[in-house]
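Chemist: Okay, here's what each chain looks like letter by letter:
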Amino acid sequence: DTGVSQDPRHKITKRGQNVTFRCDPISEHNRLYWYRQTLGQGPEFLTYFQNEAQLEKSRLLSDRFSAERPKGSFSTLEIQRTEQGDSAMYLCASSYEPWTGGYEQYFGPGTRLTVT
Amino acid sequence: GQQVMQIPQYQHVQEGEDFTTYCNSSTTLSNIQWYKQRPGGHPVFLIQLVKSGEVKKQKRLTFQFGEAKKNSSLHITATQTTDVGTYFCAGNAGNNRKLIWGLGTSLGVNP
Chain B
1 DTGVSQDPRH KITKRGQNVT FRCDPISEHN RLYWYRQTLG QGPEFLTYFQ
51 NEAQLEKSRL LSDRFSAERP KGSFSTLEIQ RTEQGDSAMY LCASSYEPWT
101 GGYEQYFGPG TRLTVT
Chain L
1 GQQVMQIPQY QHVQEGEDFT TYCNSSTTLS NIQWYKQRPG GHPVFLIQLV
51 KSGEVKKQKR LTFQFGEAKK NSSLHITATQ TTDVGTYFCA GNAGNNRKLI
101 WGLGTSLGVN P
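Chains as they are written, first to last, in our numbering: chain B, 1 to 116; chain L, 1 to 111.
Treat the hints as calculated values from the structure; they're not laboratory data.
The C-beta atom is built at its ideal place from N, Cα and C for all residues, glycine as well.
One or more of the hints may lead you astray.
Looking from chain B toward chain L, a few residues come up when the C-beta cut is under 7 Å (computed) [said to hold, decoys possible]:
no.: 1; residue: Pro43
no.: 2; residue: Phe45
no.: 3; residue: Gly110
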């Protein structure tokens, strides 16, 4: 399967614990996006990378959230001191984009986080 | 801030009826993309429109991008149960690499 993969698919954690999610994009894609989606809502942008550089981070994202893409391939999203409001589906998407123009994003299956 | 509104939020149709969802942006977009998300699934890219007034067709789906590049529509002719899902529009504004997403239109089709 050469699509975007995410691990784990489901995560249940207790409030206050740290969690880390992994995303493996399509191999030739240079851009990687993280989104959060709750029921009945569209994807909410969290952050994105061009290769290994993190180019933008949502102002809505607290300091508890951090993302890395150390070698420009896979990425990790860490949430520290989880809160119940963090419960959501976390989606990763990748695309191949030159510096101008917009191109389709390919989404992974998501990681569903439940904070109890 | 930049916003993309979609209407309607929900629509249920009888199989065979037509369906249209509309997307309106508060700012001029450089492109508009449409995605479909099946229940329990993840968004899947359908199409991208770039030119003012552009119209593209995919079988029973017709996509339009407005002349002012601020609105778009998706029309499905003769809906089928396989069309069930939420349809999202998303666009880039200017040189901003971040997609601005609408809240989606959820389509239900009664067989």
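Chemist: Give a verdict on every hint.
Modeler: Now the hints, each set against the structure:
1. Because the beta carbon of Pro43/B sits about 5 Å from the nearest beta carbon in chain L, less than 7 Å, this interface hint is met.
2. Of the supplied interface hints, the one on Phe45/B holds, with its beta-carbon coming within about 5 Å of a beta-carbon of chain L, less than 7 Å.
3. The interface hint given for Gly110/B is met, as the beta carbon of that residue sits about 5 Å from the closest beta carbon of chain L, less than 7 Å.
Checked against the numbered hints listed earlier, the structure breaks none of them; every hint is satisfied.
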